[in-house]
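Trainee: Below are the chains, spelled out letter by letter.
There are 2 protein chains.
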Amino acid sequence: MNHLVNDIEVIKSKATKIHDVDFDNLAFGKVYTDHMLECNFKNGKWEEPKVVPYQPIILDPSAKIFHYGQSVFEGMKAYKDNNDDVWLFRPVDNFKRLNISSKRLAMPELPEAYFMEGLKTLLQVDKDWIPKKEGSSLYVRPFVFASGKGFHASPADEYKFIIACAPSGAYFAGKIKVLIEEKYSRSANGGVGYAKAGGNYAGQFYPTQLAIEKGYNQVIWTDDVNHENIEEAGAMNIFIRINDTLITAPTSDRILDGITRKSIIAIAEDKGIPVEVRTIKVHEVVEAAKNGSLKEMFGAGTAAVVSPISGFGYKDKDFSLPELENNYASYLKKRITDIQTNKAEDPFGWRYKV
Amino acid sequence: MNHLVNDIEVIKSKATKIHDVDFDNLAFGKVYTDHMLECNFKNGKWEEPKVVPYQPIILDPSAKIFHYGQSVFEGMKAYKDNNDDVWLFRPVDNFKRLNISSKRLAMPELPEAYFMEGLKTLLQVDKDWIPKKEGSSLYVRPFVFASGKGFHASPADEYKFIIACAPSGAYFAGKIKVLIEEKYSRSANGGVGYAKAGGNYAGQFYPTQLAIEKGYNQVIWTDDVNHENIEEAGAMNIFIRINDTLITAPTSDRILDGITRKSIIAIAEDKGIPVEVRTIKVHEVVEAAKNGSLKEMFGAGTAAVVSPISGFGYKDKDFSLPELENNYASYLKKRITDIQTNKAEDPFGWRYKV
Ligand SMILES: Cc1ncc(COP(=O)(O)O)c(C=O)c1O
Ligand SMILES: Cc1ncc(COP(=O)(O)O)c(C=O)c1O
Chain Z
1 MNHLVNDIEV IKSKATKIHD VDFDNLAFGK VYTDHMLECN FKNGKWEEPK
51 VVPYQPIILD PSAKIFHYGQ SVFEGMKAYK DNNDDVWLFR PVDNFKRLNI
101 SSKRLAMPEL PEAYFMEGLK TLLQVDKDWI PKKEGSSLYV RPFVFASGKG
151 FHASPADEYK FIIACAPSGA YFAGKIKVLI EEKYSRSANG GVGYAKAGGN
201 YAGQFYPTQL AIEKGYNQVI WTDDVNHENI EEAGAMNIFI RINDTLITAP
251 TSDRILDGIT RKSIIAIAED KGIPVEVRTI KVHEVVEAAK NGSLKEMFGA
301 GTAAVVSPIS GFGYKDKDFS LPELENNYAS YLKKRITDIQ TNKAEDPFGW
351 RYKV
Chain E
1 MNHLVNDIEV IKSKATKIHD VDFDNLAFGK VYTDHMLECN FKNGKWEEPK
51 VVPYQPIILD PSAKIFHYGQ SVFEGMKAYK DNNDDVWLFR PVDNFKRLNI
101 SSKRLAMPEL PEAYFMEGLK TLLQVDKDWI PKKEGSSLYV RPFVFASGKG
151 FHASPADEYK FIIACAPSGA YFAGKIKVLI EEKYSRSANG GVGYAKAGGN
201 YAGQFYPTQL AIEKGYNQVI WTDDVNHENI EEAGAMNIFI RINDTLITAP
251 TSDRILDGIT RKSIIAIAED KGIPVEVRTI KVHEVVEAAK NGSLKEMFGA
301 GTAAVVSPIS GFGYKDKDFS LPELENNYAS YLKKRITDIQ TNKAEDPFGW
351 RYKV
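So the protein sequences, as listed, match chains Z and E. If you use the numbering used here, the first sequence closes out at 354, no skipped numbers anywhere. If you use the numbering used here, the second sequence closes out at 354, no skipped numbers anywhere.
Some clues are possibly wrong.
Since the list can't tell identical chains apart, any single copy or any two copies may satisfy a pair.
Stated by the list, open to error - Cross-link-like lysine-lysine pairs, in silico, DSSO-like; alpha carbons within 30 Å at most: (1) K50 x K271; (2) K149 x K42; (3) K14 x K214; (4) K317 x K271; (5) K290 x K42; (6) K281 x K214; (7) K30 x K262; (8) K177 x K14.
For the record, the hints were derived by calculation from the structure and aren't laboratory data.
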């Protein structure tokens with residue numbers, strides 16, 4: 001039976017796959033819920049979104065997604081608290097960023113109501129899939145891509161907006177070791193680095209594979225001119241603690257304006273931790289590692305939350321970071337996670353009830 | 001009936017769409033032939049390619065092509081001469097470049113035989129679709145993309161290689177007006193600009209749209225640091241004639257190593273035209289336009305062949321180029337097209353009989 005929830009049409013799946021899933025041993029993003037949101041852009045406008053059974057996407061071989069990389073996405077997490085209430089974290093910021101990304105890739109922007117109502121409806125329909133276990137959550141993946149046809153290198157005339165969800169465990173298992181990149185780069189000045197564009201990620205895979213072969217988990221991206229500035233870490237923004245000061249690079253057209261990043265800055269400032277948003281030179285981090293003032297490094301992003309770094313490689317040398325009792329990373333991770341999961345007050349007004 | 005051609009399995013379509021096509025009025029890349037080549041990468045290896053009816057591609061919503069932009073492509077043209085023989089132009093170079101692109105995006109490289117035998121078989125099966133009309137050809141689009149599933153930002157474990165074909169007319173109608181880019185850029189040092197990666201094209205669309213709104217057809221890309229050097233023109237390499245010298249930028253990790261470009265260089269040198277492969281400064285082109293030594297500019301690429309430029313915009317000023325009787329662009333275009341279509345001798349050994 002089709003019915004309307006929040007004015008959104010819902011077509012329920014005939015059966016559920018939920019009993020096949022081991023909720024105690026969830027990988028990241030590998031199993032998908034019973035439904036998805038689907039919304040099509042045709043004849044110059046977005047049609048009404050629908051919740052439909054999770055199902056294959058059928059595309060002509062000439063669909064521009066295959067040829068010209070018009071695709072953007074977002075990453076969010078939904079949490080369920082002890083009262084079975086469902087929470088999102090700053091979802092309107094994800095909506096806004098999706099449109100910023102779309103605009104840069106010459107893709108049509110979505111109406112806020114289609115995104116927000118569609119998202120809420122989907123989460124209500126697939127509510128049973130939201131894990132409660134600590135460290136687990138429902139990873140929510142809104143994405144838009146070019147479904148319109150043609151080999152001419154120009155924007156497509158049709159698009160699909162989909163939200164799919166995956167109950168997920170941790171993104172990284174434990175602390176990570178990173179490699180400061182000296183050769184490759186992820187984004188250009190005047191390029192698309194600030195957008196969550198699919199192509200930005202494909203470009204990172206090969207250099208990341210090379211780093212993994214050398215024993216690292218992740219590349220730390222530097223500027224593409226001289227590789228002198230520390231910019232970002234894969235799907236995370238990066239924070240560096242020198243003595244008691246927490247430093248992160250300013251956002252720019254090369255760096256994603258991470259929602260976790262700006263929340264961490266606010267939490268740290270609220271706690272009285274001195275925060276500097278400024279260019280971070282590779283050489284100052286190396287110096288700080290040598291003279292002992294480098295106390296912590298961590299990545300921050302929705303998927304990996306706050307991901308502490310155990311050490312870094314640079315110019316064939318490895319530098320390790322100290323194990324601090326009272327470290328910022330643990331404090332900030334607990335604080336943001338408690339807000340996200342409704343275990344603590346939310347003085348910032350970030351939590352969003354579904 | 002299935003049968004083998006060149007050891008490739010062929011599954012013929014039940015009906016043909018060829019009678020729906022107006023071969024006298026072909027757009028670029030808008031109608032597709034009856035068949036396509038399909039080849040799947042699974043369990044760590046490429047399975048045997050097959051020619052199958054042109055048909056939709058069915059993908060899970062979590063297929064990595066939608067999320068992380070793992071897609072690369074090639075563009076080639078097939079021509080039919082007066083004896084109904086079919087010709088390609090330097091196809092092994094396209095094969096090699098496809099693998100160079102794949103490697104940079106952490107995608108599996110193809111065996112040469114799968115590409116070449118698959119391509120030939122497809123063209124034999126769809127031979128009737130190759131236009132004979134001057135200026136028309138069968139545009140051939142090999143592409144590879146990530147079909148494997150997962151929201152983890154890492155390379156997919158499954159891929160599809162497809163070749164689809166579109167009988168096509170001219171890419172641009174007439175001479176083009178270009179805008180020298182001062183803000184946006186298409187590629188980073190250490191990035192993926194030298195690869196025919198889908199994401200590189202999506203990133204160009206928005207700045208190109210802005211240029212089109214200002215009355216230009218195409219952006220001329222400059223370096224991402226100071227926008228001082230002229231690098232490339234959308235889906236074409238760029239050539240500039242100052243006095244009698246033909247100049248083109250050297251290829252690099254930011255610039256695609258165009259097959260048309262290197263063929264044009266060889267034809268020009270063979271003709272005794274002085275050619276310089278070197279960095280081209282924006283200011284020298286502007287100076288040359290002012291003092292009259294700038295004689296010609298043109299783009300070179302498979303889709304657009306040799307595409308003469310009538311003028312360029314820079315810093316809100318327009319500069320127009322002279323109309324020369326004996327211009328290089330016309331000579332080079334006729335020379336390369338005659339070789340491609342078997343209307344002239346091919347001293348270079350570029351033509352490839354299917
Ligand atoms: C390149 C990049 N940087 C940073 C982030 C972190 O952003 P957020 O905290 O909004 O998830 C992400 C992941 O979303 C990312 O893909
Ligand atoms: C970015 C770019 N530059 C240059 C070219 C020209 O290359 P080719 O002559 O091999 O077609 C193309 C098109 O293929 C291209 O996409």
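Trainee: Look at each hint and say if it fits the structure.
Mentor: Cross-check of the supplied hints:
With identical chains, the CA atoms of K50 and K271 are never at most 30 Å apart, being 43 Å at best within one copy and 63 Å at best between copies. Within a single copy, K149 and K42 get their C-alpha atoms as close as 12 Å, and across copies as close as 27 Å, so both meet the 30 Å cut-off. Taking identical chains as interchangeable, the C-alpha atoms of K14 and K214 are never at most 30 Å apart, the minima being 48 Å within one chain and 53 Å between chains. With identical chains, the CA atoms of K317 and K271 are never at most 30 Å apart, being 35 Å at best within one copy and 53 Å at best between copies.
For a Cα distance limit of 30 Å, the shortest separation of K290 from K42 qualifies neither inside one copy, at 58 Å, nor across copies, at 46 Å. Only within a single protomer do K281 and K214 lie at most 30 Å apart by alpha-carbon distance; the minimum there is 23 Å, versus 39 Å between protomers. Taking identical chains as interchangeable, the C-alpha atoms of K30 and K262 lie at most 30 Å apart only when both belong to the same chain, with a minimum of 28 Å there against 45 Å between chains. Neither within a single protomer nor between protomers do K177 and K14 lie at most 30 Å apart by alpha-carbon distance, with minima of 45 Å and 56 Å respectively.
Going through the hint list in order, the structure does not satisfy hints 1, 3, 4, 5 and 8.
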